[in-house]
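Visitor: Which chain is which? The protein sequence lines are A and B, in order. Per our numbering, residue 1 is the first one in the first sequence, and the count goes up by one each step. Per our numbering, residue 1 is the first one in the second sequence, and the count goes up by one each step.
For the record, the hints were derived by calculation from the structure and aren't laboratory data. Check the hints yourself; a few may be wrong.
To be verified - Label-pair distances were calculated between CB atoms; the ranges are:
| no. | chain 1 | residue 1 | chain 2 | residue 2 | range |
| --- | --- | --- | --- | --- | --- |
| 1 | B | Asp99 | A | Gly270 | 30 to 40 Å |
| 2 | B | Arg149 | A | Glu259 | 25 to 35 Å |
| 3 | B | Arg155 | A | Gln111 | 28 to 38 Å |
| 4 | B | Arg155 | A | Asp220 | 22 to 32 Å |
| 5 | A | Ala25 | B | Arg155 | 35 to 45 Å |
| 6 | B | Gly141 | A | Asp282 | 26 to 36 Å |
| 7 | B | Glu33 | A | Asp6 | 21 to 31 Å |
| 8 | B | Glu33 | A | Asp220 | 18 to 28 Å |
Predicted model only: the values in this text are computed from it and were never measured. Heads up, the beta-carbon is just placed ideally off N, CA and C, and yes, glycines get one too.
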Amino acid sequence: MSTDLDRRLREVLREVADVPAPEFAPAAALAGVRRRRRRVTALVAGVTAVVAAAIAVPAVALRPGPAQPAASTGSSVVAGYVFANPRIVQRSNLGDYRVFDRRSGRYVATQWRTAVPSPDGRLVAVSAWDYGKVGIVAADRVLDEAAVRWVANSLDPKGDPWISAVWSADGSRVLLDAGVSASLVDGRTDKGYQVEVDALVVDARTLASRVVRLRSVPPDPPVDIRKIVFGPGGKNFAVAMDVGETPARSDGILVLFDERGSATAQIKIGRETVPDQPFSPDGRLVAVHSDVAYGGSTRVLTLSTGTEVGRSDGDAVGWLDDHRYLVRTVGSVGVVELGSRRVLSEKRLAPAGGDLTGVWPAALRGTAPPGAIVL
Amino acid sequence: MDAEAEAEFGRFVTARSAALFRTAYLLTGDRHEAEDLVQATLERVAQRWRRIGHSPEAYARRVLYHLQVERWRLRSFRREMPVDQVPEAGRGDHAAGADLRVSLEAALGKLTRRQRAVLVLRYFEDLPEAEAAALLDVSVGTIRSTASRALARLRVLCPELVHEEASQ
Numbered sequence: 001m002s003t004d005l006d007r008r009l010r011e012v013l014r015e016v017a018d019v020p021a022p023e024f025a026p027a028a029a030l031a032g033v034r035r036r037r038r039r040v041t042a043l044v045a046g047v048t049a050v051v052a053a054a055i056a057v058p059a060v061a062l063r064p065g066p067a068q069p070a071a072s073t074g075s076s077v078v079a080g081y082v083f084a085n086p087r088i089v090q091r092s093n094l095g096d097y098r099v100f101d102r103r104s105g106r107y108v109a110t111q112w113r114t115a116v117p118s119p120d121g122r123l124v125a126v127s128a129w130d131y132g133k134v135g136i137v138a139a140d141r142v143l144d145e146a147a148v149r150w151v152a153n154s155l156d157p158k159g160d161p162w163i164s165a166v167w168s169a170d171g172s173r174v175l176l177d178a179g180v181s182a183s184l185v186d187g188r189t190d191k192g193y194q195v196e197v198d199a200l201v202v203d204a205r206t207l208a209s210r211v212v213r214l215r216s217v218p219p220d221p222p223v224d225i226r227k228i229v230f231g232p233g234g235k236n237f238a239v240a241m242d243v244g245e246t247p248a249r250s251d252g253i254l255v256l257f258d259e260r261g262s263a264t265a266q267i268k269i270g271r272e273t274v275p276d277q278p279f280s281p282d283g284r285l286v287a288v289h290s291d292v293a294y295g296g297s298t299r300v301l302t303l304s305t306g307t308e309v310g311r312s313d314g315d316a317v318g319w320l321d322d323h324r325y326l327v328r329t330v331g332s333v334g335v336v337e338l339g340s341r342r343v344l345s346e347k348r349l350a351p352a353g354g355d356l357t358g359v360w361p362a363a364l365r366g367t368a369p370p371g372a373i374v375l
Numbered sequence: 001m002d003a004e005a006e007a008e009f010g011r012f013v014t015a016r017s018a019a020l021f022r023t024a025y026l027l028t029g030d031r032h033e034a035e036d037l038v039q040a041t042l043e044r045v046a047q048r049w050r051r052i053g054h055s056p057e058a059y060a061r062r063v064l065y066h067l068q069v070e071r072w073r074l075r076s077f078r079r080e081m082p083v084d085q086v087p088e089a090g091r092g093d094h095a096a097g098a099d100l101r102v103s104l105e106a107a108l109g110k111l112t113r114r115q116r117a118v119l120v121l122r123y124f125e126d127l128p129e130a131e132a133a134a135l136l137d138v139s140v141g142t143i144r145s146t147a148s149r150a151l152a153r154l155r156v157l158c159p160e161l162v163h164e165e166a167s168q
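The whole structure should be built from the sequences, with the hints applied where relevant.
Guide: If you want it as structure tokens, here you go:
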């Protein structure tokens with residue numbers, strides 16, 4: 001029986017694929033390569049300049065047994081890597097995260113599908129190509145698979161986690177998206193979908209984890225989930241999602257959840273998404289930015305009403321303690337004062353422009369030592 | 001890239017882009033997305049043309065699948081949507097073939113990107129499990145389980161496929 005199904009499937013797939021192909025011009029691909037080469041060159045120059053001035057990062061090794069505290073300091077060993085994310089640099093994403101090796105001055109490909117450094121830069125959450133396998137590793141051993149402490153695996157009951165790349169601001173916890181489902185609410189029309197997102201919260205120190213099921217009924221059918229993040233104050237959760245009748249006519253909302261997973265509020269965020277740490281330290285504001293790889297714009301909204309109170313160029317990266325926020329623009333990082341559109345204290349990281357990468361909300365709060373690139 | 005390499009790359013594009021596009025169409029289900037995907041793939045191939053030596057086709061396919069399967073922190077709900085109304089089974093008339101094709105296209109759109117990629121690799125490209133696994137950088141077991149889940153889902157989403165199967 002299954003052999004017949006296989007055969008039939010083969011036949012129909014060939015029919016489906018029988019579509020006229022457009023002409024592809026080799027020159028277009030070559031032009032794209034030249035553009036990218038210029039960008040990467042500028043990027044490498046920029047990151048190298050910053051690395052040269054960076055403060056040494058003590059090494060943290062995760063050994064078998066209980067994990068070491070993330071905030072441990074005091075070692076004189078210099079971590080060898082600063083993170084870069086070529087997915088931001090390049091339009092397409094093959095998934096090849098790379099780390100910058102200070103000693104050789106070159107980028108080194110990692111074996112990870114995703115690699116996201118903690119705010120203090122000492123640890124990295126990594127996901128393997130083996131789907132759903134997520135772990136934590138010391139930054140200076142990020143290329144050493146044996147050093148990874150696995151915290152989730154799709155084969156275990158915790159589901160099929162998709163790393164959401166979100167660390168808590170203090171670096172003590174990692175948040176993973178362990179599964180999403182949408183189901184019709186009984187007795188309602190096709191608009192009555194209940195969305196359930198399983199947030200897997202992992203303690204970075206002990207590696208203990210728990211699943212919090214986040215339930216909400218969005219105003220329209222769900223289309224995409226954009227990101228799951230820790231909520232205001234780092235206790236609760238928030239999910240940015242697309243809702244709408246079709247993907248082409250969808251709109252974004254940010255749903256806030258309490259610590260038990262019940263939806264408490266939602267605000268419209270349009271076509272935008274949220275950075276890893278989108279909430280102001282007092283928990284009253286949220287920064288949203290355009291959902292493009294880089295060079296977009298940021299809006300600041302009040303959580304209570306969704307009113308816009310700030311707007312600037314650049315993609316929000318995170319907040320400072322004094323209601324200013326950090327943005328990433330093409331080739332630079334800058335600070336924006338609330339109510340001002342201007343990017344202040346801008347730091348050009350790539351002298352000739354180009355694309356910036358490796359900017360994470362590291363050390364924004366004065367955490368020492370800084371992880372990657374800081375102002 | 002020197003002139004000779006550019007000419008070689010041009011010949012590769014002329015000879016293989018249509019085939020890549022068909023695969024991309026199966027993976028995306030959308031002509032424009034497929035076009036984008038192939039264009040991005042060709043850029044990547046051009047970038048590494050010197051290093052990929054005698055196997056640009058294999059490298060291009062690898063890039064194509066990875067580009068499609070991976071998304072920057074974005075997951076689609078569409079694959080999770082329950083189906084409240086399954087399509088009608090094939091009617092046995094001359095339009096049944098077209099219906100099945102349309103139904104299968106719709107069903108493919110409801111699979112995850114990876115499930116779709118695995119099905120295309122196994123049943124369109126006819127790759128053995130080990131080669132499909134190598135191309136997607138996953139284990140053979142993952143290919144098997146993904147294919148199994150995808151087929152199970154297709155049976156629900158596209159019952160015509162099963163009816164056709166049973167009637168033959």
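Visitor: Compare the structure with each hint and give your call.
Guide: Verification of the hints:
1. A beta carbon spacing of about 39 Å between B:Asp99 and A:Gly270 agrees with the range 30 to 40 Å that was offered as a hint.
2. Distance hint check for B:Arg149 and A:Glu259: the Cβ-Cβ separation is about 33 Å, which falls inside the suggested range of 25 to 35 Å.
3. The given range of 28 to 38 Å is respected by B:Arg155 and A:Gln111, whose C-beta atoms sit roughly 35 Å from each other.
4. Between B:Arg155 and A:Asp220, the C-beta spacing of about 30 Å keeps the proposed range 22 to 32 Å intact.
5. Hint check: A:Ala25 to B:Arg155, Cβ distance near 42 Å, so the stated range 35 to 45 Å holds.
6. Checked against the hint of 26 to 36 Å, the pair B:Gly141 and A:Asp282 fails, with Cβ atoms roughly 49 Å apart.
7. Range check, B:Glu33 to A:Asp6: Cβ separation about 27 Å, and the 21 to 31 Å hint holds.
8. Between B:Glu33 and A:Asp220, the C-beta spacing of about 23 Å keeps the proposed range 18 to 28 Å intact.
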